[in-house]
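J.: Protein chains in written order, with this note's numbering: chain S, 19 to 702; chain C, 3 to 141; chain Y, 24 to 354.
Heads up, none of these hints are tricks.
DSS-like cross-link-like pairs, simulated, lysine-lysine; straight-line CA separation at most 30 Å: (1) K190/Y to K492/S; (2) K288/S to K340/S; (3) K56/C to K520/S; (4) K269/S to K546/S; (5) K291/S to K334/S; (6) K90/S to K116/S.
By construction, these hints were calculated from the structure, which means they are not laboratory data.
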Amino acid sequence: MTSAQEDGNGRRLDHRPRIGVYVCHCGSNIAGTVDVAELRTWAEQRLRHRGVVVARDYKFMCSSLGQELIAKDIKEHRLERVVVAACSPHLHEMTFRKACTQAGLNPFLCELASIREHVSWVHTDRTAATDKARAVIAGAVERVARNEPLEPMHVPVHPATLVVGGGIAGIQAALEIADAGYPVYLVERDPSIGGHMAQFDKTFPTLDCAACILTPRMVSAGTHDNITLLTWSEVEKVDGYVGNFAVTVRKKPRYIDTALCTGCGICQEKCPKKVIDEVYESGLAYRKAVYTPFPQAVPKYPVIDARNCTYFLKGKCRACEKFCPTGAIDFEQAEERITLEVGSIILATGYDLFDPRRVTQYGFGRLANVFSSLEFERMTNSAGPTNGEIVLRDGKTRPETVGIIHCVGSRDRNFNNYCSAICCMQSLKFAHLVKERTEATVYNFYIDMRTPAKAYDEFYQRVLEEGTLFVRGKVAEVTETARLPRETGRLVIQVEDTLAGKQRRIAVDMVVLSAALEPRHDSADVAKRFGISCSHDGWFIEKHPKLDPVSTMTEGIFIAGCATGPKDIPATVAQGAAAAARVLGHIQQGQIELEPIRASVIEERCSGCRICNDLCPFGAITFVDERMLTEINPVLCQGCGTCIAACPAGAITGTGYSNDQILAQIDGLLLRALDVPDSEPTLV
Amino acid sequence: MLFAMIRAGMRDDALRSNTPWICVSCYHCVVRCPQDVHIADVMYTLKSMAIRAKLYQDSTAPDFSQTFVHMVETYGRSFEFGLATRHYLRHFPLKIPGMAGMGIGMLKKERMHLRPTKIAGMDQLSAILARAKALELTA
Amino acid sequence: MSGYLLYPGCSMETSAVAYHDSLAAVADLLGLELREIDDWNCCGATEYLGINLIPAYALIARNLALAARQANGSRTVVAPCSACYLNLSKANHYMRERPILGERVNEALAAGGLHYDPGSVHIRHLLDVLINDIGLERVRDRVSRPLAGLRVAPYLGCMVPRPDYEKRWSDHEHPDELDRLLEALGAEVIDFPLKTHCCGGHMTQISPETAYELIRRLLQAADQYQADMIATVCPMCQLNLDAYQSAANQHFHTDYSIPVVFFTQLMGLAFGLDAEAAGFGRELVSARDALDRIGLPRQAPEEGEGATRQRRPRKPEGLPMPTVPGREGKG
Numbered sequence: 019m020t021s022a023q024e025d026g027n028g029r030r031l032d033h034r035p036r037i038g039v040y041v042c043h044c045g046s047n048i049a050g051t052v053d054v055a056e057l058r059t060w061a062e063q064r065l066r067h068r069g070v071v072v073a074r075d076y077k078f079m080c081s082s083l084g085q086e087l088i089a090k091d092i093k094e095h096r097l098e099r100v101v102v103a104a105c106s107p108h109l110h111e112m113t114f115r116k117a118c119t120q121a122g123l124n125p126f127l128c129e130l131a132s133i134r135e136h137v138s139w140v141h142t143d144r145t146a147a148t149d150k151a152r153a154v155i156a157g158a159v160e161r162v163a164r165n166e167p168l169e170p171m172h173v174p175v176h177p178a179t180l181v182v183g184g185g186i187a188g189i190q191a192a193l194e195i196a197d198a199g200y201p202v203y204l205v206e207r208d209p210s211i212g213g214h215m216a217q218f219d220k221t222f223p224t225l226d227c228a229a230c231i232l233t234p235r236m237v238s239a240g241t242h243d244n245i246t247l248l249t250w251s252e253v254e255k256v257d258g259y260v261g262n263f264a265v266t267v268r269k270k271p272r273y274i275d276t277a278l279c280t281g282c283g284i285c286q287e288k289c290p291k292k293v294i295d296e297v298y299e300s301g302l303a304y305r306k307a308v309y310t311p312f313p314q315a316v317p318k319y320p321v322i323d324a325r326n327c328t329y330f331l332k333g334k335c336r337a338c339e340k341f342c343p344t345g346a347i348d349f350e351q352a353e354e355r356i357t358l359e360v361g362s363i364i365l366a367t368g369y370d371l372f373d374p375r376r377v378t379q380y381g382f383g384r385l386a387n388v389f390s391s392l393e394f395e396r397m398t399n400s401a402g403p404t405n406g407e408i409v410l411r412d413g414k415t416r417p418e419t420v421g422i423i424h425c426v427g428s429r430d431r432n433f434n435n436y437c438s439a440i441c442c443m444q445s446l447k448f449a450h451l452v453k454e455r456t457e458a459t460v461y462n463f464y465i466d467m468r469t470p471a472k473a474y475d476e477f478y479q480r481v482l483e484e485g486t487l488f489v490r491g492k493v494a495e496v497t498e499t500a501r502l503p504r505e506t507g508r509l510v511i512q513v514e515d516t517l518a519g520k521q522r523r524i525a526v527d528m529v530v531l532s533a534a535l536e537p538r539h540d541s542a543d544v545a546k547r548f549g550i551s552c553s554h555d556g557w558f559i560e561k562h563p564k565l566d567p568v569s570t571m572t573e574g575i576f577i578a579g580c581a582t583g584p585k586d587i588p589a590t591v592a593q594g595a596a597a598a599a600r601v602l603g604h605i606q607q608g609q610i611e612l613e614p615i616r617a618s619v620i621e622e623r624c625s626g627c628r629i630c631n632d633l634c635p636f637g638a639i640t641f642v643d644e645r646m647l648t649e650i651n652p653v654l655c656q657g658c659g660t661c662i663a664a665c666p667a668g669a670i671t672g673t674g675y676s677n678d679q680i681l682a683q684i685d686g687l688l689l690r691a692l693d694v695p696d697s698e699p700t701l702v
Numbered sequence: 003m004l005f006a007m008i009r010a011g012m013r014d015d016a017l018r019s020n021t022p023w024i025c026v027s028c029y030h031c032v033v034r035c036p037q038d039v040h041i042a043d044v045m046y047t048l049k050s051m052a053i054r055a056k057l058y059q060d061s062t063a064p065d066f067s068q069t070f071v072h073m074v075e076t077y078g079r080s081f082e083f084g085l086a087t088r089h090y091l092r093h094f095p096l097k098i099p100g101m102a103g104m105g106i107g108m109l110k111k112e113r114m115h116l117r118p119t120k121i122a123g124m125d126q127l128s129a130i131l132a133r134a135k136a137l138e139l140t141a
Numbered sequence: 024m025s026g027y028l029l030y031p032g033c034s035m036e037t038s039a040v041a042y043h044d045s046l047a048a049v050a051d052l053l054g055l056e057l058r059e060i061d062d063w064n065c066c067g068a069t070e071y072l073g074i075n076l077i078p079a080y081a082l083i084a085r086n087l088a089l090a091a092r093q094a095n096g097s098r099t100v101v102a103p104c105s106a107c108y109l110n111l112s113k114a115n116h117y118m119r120e121r122p123i124l125g126e127r128v129n130e131a132l133a134a135g136g137l138h139y140d141p142g143s144v145h146i147r148h149l150l151d152v153l154i155n156d157i158g159l160e161r162v163r164d165r166v167s168r169p170l171a172g173l174r175v176a177p178y179l180g181c182m183v184p185r186p187d188y189e190k191r192w193s194d195h196e197h198p199d200e201l202d203r204l205l206e207a208l209g210a211e212v213i214d215f216p217l218k219t220h221c222c223g224g225h226m227t228q229i230s231p232e233t234a235y236e237l238i239r240r241l242l243q244a245a246d247q248y249q250a251d252m253i254a255t256v257c258p259m260c261q262l263n264l265d266a267y268q269s270a271a272n273q274h275f276h277t278d279y280s281i282p283v284v285f286f287t288q289l290m291g292l293a294f295g296l297d298a299e300a301a302g303f304g305r306e307l308v309s310a311r312d313a314l315d316r317i318g319l320p321r322q323a324p325e326e327g328e329g330a331t332r333q334r335r336p337r338k339p340e341g342l343p344m345p346t347v348p349g350r351e352g353k354g
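Between the sequences and the hints, there should be enough to build the whole structure, so can you do that?
T.: Next comes the structure, spelled out in structure tokens:
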């Protein structure tokens with residue numbers, strides 16, 4: 019500590035710690051391009067004066083035997099630092115850190131040098147690759163010498179959870195957490211929970227009635243002791259960090275006093291103002307200005323749509339108020355803001371339907387009898403605008419021929435490049451429903467038939483046997499212009515039947531477009547509000563697409579259901595449950611371990627210039643006025659390094675990423691540190 | 003089917019196909035293709051390959067294009083009357099009497115001329131096209 | 024925003040002389056300055072690209088090079104003819120997107136002492152310029168004889184809205200530019216479903232039966248929607264639908280008699296020009312009867328598919344049609 023030894027760059031050189039270097043072959047992944055044996059020898063000899071006391075090479079360092087090798091050396095050679103030259107830290111950093119911990123060495127005294135992703139996998143010249151590997155290892159050795167032992171941080175986890183989105187995913191997650199005995203806030207922006215599933219008639223492949231299986235869950239959620247339902251509400255702001263979030267929820271005014279409302283529905287009956295219900299009825303039916311979206315709504319309280327209510331627009335009417343038997347109408351009701359304290363958040367905000375108007379050649383919006391999938395769901399729903407009857411836009415004529423078009427807006431670089439996962443099954447379901455309820459001939463126009471899950475392909479077989487006609491070809495156009503007498507007055511679908519090898523014009527009365535599932539139109543905003551990432555398409559991004567589908571890169575925030583990508587109901591429910599399980603895991607543990615890679619302010623150097631204050635993407639930096647100093651909340655800090663780079667006084671340092679460490683690593687990479695003469699007393 | 007043939011390497015069959023010759027270049031395919039394949043350009047390429055390999059089945063379309071191009075290479079402008087007469091004589095001689103009505107109508111309304119217009123820079127254009135053709139073979 | 028370079032295209036001087044004459048008159052009245060490119064050559068239509076690639080583009084590029092050289096302040100070339108517009112735009116686009124093509128074409132151009140840097144001129148269609156640069160307000164101001172009583176089918180044809188390299192058009196299948204222009208002239212514009220369907224192009228010379236069918240379906244649709252005339256932007260379309268109308272009739276034993284004129288002719292009429300000055304009289308299917316309808320009161324067309332653009336029933340009858348998002352439904 020008092021020694022004034024300095025290296026060639028004038029930096030203090032305390033005693034060199036005892037370092038072990040382990041070079042992995044990774045089978046032939048590394049050894050095939052890099053001379054691993056030579057690296058080991060070089061590290062042992064040439065880096066001896068830099069602290070390396072033992073160097074080994076091994077076929078698979080990550081194997082149990084490989085790890086045991088390290089553990090043994092730590093004990094026998096009294097190692098103080100470990101460098102593992104192998105694959106990217108993304109894969110096995112945890113593995114080697116744990117191995118060190120078990121041998122009694124602080125895990126943050128172990129560094130990974132990537133000589134696979136950074137060397138053997140991107141170069142072909144053996145000599146050059148080995149040279150580069152040497153530099154990489156030297157860099158790691160220099161750096162690790164300046165690592166400090168660190169302890170992970172622990173933060174307590176508040177037992178309450180916020181679930182955003184009251185569709186089936188959100189309901190599932192909420193119920194599971196609530197059933198486990200912990201409080202849940204379920205926030206939903208529509209007047210009732212239920213989501214898209216509440217709009218469907220039957221669900222594939224079992225043809226269960228959607229409402230019949232959903233409403234019991236909705237009722238459970240609505241009456242559960244542990245669930246606080248906040249419908250007609252939106253999350254406005256999220257502060258805090260994992261385990262300790264402070265969420266501001268804006269409760270939009272219903273203009274109905276829920277303490278007095280009995281849900282009798284007289285207000286809806288008496289309301290004179292009719293508007294098209296764009297949300298629940300998908301634009302296919304009307305509702306009143308005061309309404310509950312559907313009879314089984316949870317909660318039962320209606321809302322007044324201020325944008326269409328005659329009273330709010332013109333100051334007249336108030337019929338609902340006159341007729342309400344309990345005086346529950348309250349036009350003066352104001353929006354309310356409440357702050358919830360929760361430990362975890364689950365985002366289950368669902369999807370929006372692709373607007374089929376964009377595919378102009380299919381005529382949706384221009385031709386009366388072209389329907390979107392959600393419109394058709396409402397039509398087939400027995401509680402829908404036609405009581406489940408399949409009729410044309412005039413509300414009464416039964417179609418004689420129905421054409422169902424797959425992949426509208428999906429698998430199409432003009433719109434969405436991806437497959438929407440559920441529309442083939444949905445189209446088959448539609449075909450089945452038409453066959454069941456009418457005498458119509460049904461055509462399905464598909465490109466590929468996607469029926470991957472349980473009982474799905476069997477459903478396809480069933481629909482085939484029912485006599486639906488399948489044409490393999492992407493529909494070119496839906497037109498009302500007849501070319502032949504038999505087409506007059508009907509819609510014509512023009513398609514190439516690729517299996518028959520012929521162009522066909524098929525006259526139909528009704529066309530149903532299986533439209534793509536898209537992210538909610540405001541998903542990017544929502545992602546920002548919660549501090550998670552959104553893909554280019556707009557879907558929420560999971561931590562790992564295969565191995566961690568319900569977490570996000572932001573600790574404490576989970577995602578479930580179609581908000582992350584199109585999926586069917588079983589998968590949605592599974593994800594809701596998975597997210598709930600993760601949350602319950604956190605709650606059970608009572609605390610969460612966070613990596614201590616954080617920025618911190620060296621108070622003596624902070625001048626209070628505040629340049630860093632607005633830079634933090636995680637809101638971790640605050641300014642303490644009384645002390646004229648900036649403070650960084652270590653729990654919110656994600657260690658991105660932006661503030662460190664910005665501070666003009668160099669007053670912010672990152673644990674695990676100090677200037678010393680990084681500059682040392684650079685020295686090592688440039689092999690400059692090796693120029694220190696061997697006579698320097700560097701070993702203890 | 004044509005694309006399947008191309009993918010299967012059935013070169014001759016693909017070049018013999020009549021499909022590219024019926025293409026009217028309406029570009030519906032280009033704007034609709036979900037894979038952003040520029041189908042119309044593929045059709046043009048197949049046509050030129052078919053001409054070079056002499057694999058087309060019906061010569062009406064290739065001949066028409068070549069006659070049109072001949073006019074342009076001679077005068078720098080298209081020459082409908084010359085084009086129509088040469089083309090009909092070669093391919094639809096029996097239709098000539100039937101088309102006479104329309105032809106005369108067009109002449110009377112001065113929508114067709116009996117003589118071609120030639121551009122001033124014909125030499126320049128010829129030089130450009132000659133060089134272009136030489137480059138084409140190495141492309 | 025008045026000076027533009029004009030690339031007329033071969034048809035403007037022959038089969039589409041009505042387009043040429045009416046355009047000249049209308050441009051004059053609107054203060055639209057169009058200067059012809061000196062000594063332009065044929066663009067090759069759809070013929071050359073099917074034979075050779077580099078020569079085809081070199082043929083087009085000579086015009087681009089001449090235009091660039093002639094610029095004098097204006098860097099926009101207006102092409103009234105659809106195929107010319109497409110070809111010029113395509114060459115401009117591909118020479119930039121595909122540097123090797125650009126190089127080869129310039130090598131060819133060099134043999135004629137020319138050079139063209141792709142993108143140095145902009146290619147715009149006449150209709151685009153009228154709507155977006157002149158503006159419909161100015162067009163409306165010039166209308167002294169609104170074409171009330173005239174039912175017009177707007178027919179854009181295929182090569183203008185597609186493939187739209189410069190992204191100028193509202194839609195690839197049902198663009199509304201021509202509709203809006205004709206409405207500004209006071210005409211009754213029908214919602215013509217085949218407005219961008221192909222007329223057959225040169226198929227009349229290759230496989231007449233194929234072409235006649237394409238022509239027939241356009242005429243049939245116009246007839247079905249009770250159009251008095253078809254207004255088009257393309258010389259080829261006008262030629263096919265007009266000059267070959269009787270051949271198509273003969274082939275299918277139909278008796279359509281629908282005049283097909285250029286939209287600039289209707290503009291001329293609306294601006295107060297007499298029929299001849301507006302280029303009428305050149306069409307083989309006479310427009311005289313249709314023109315007589317202008318200013319006459321018209322009985323409401325029969326209900327059915329031929330009806331006007333009525334999206335929603337007056338009182339809620341049947342199921343509502345999809346509405347524009349954001350606009351709360353008004354029953």
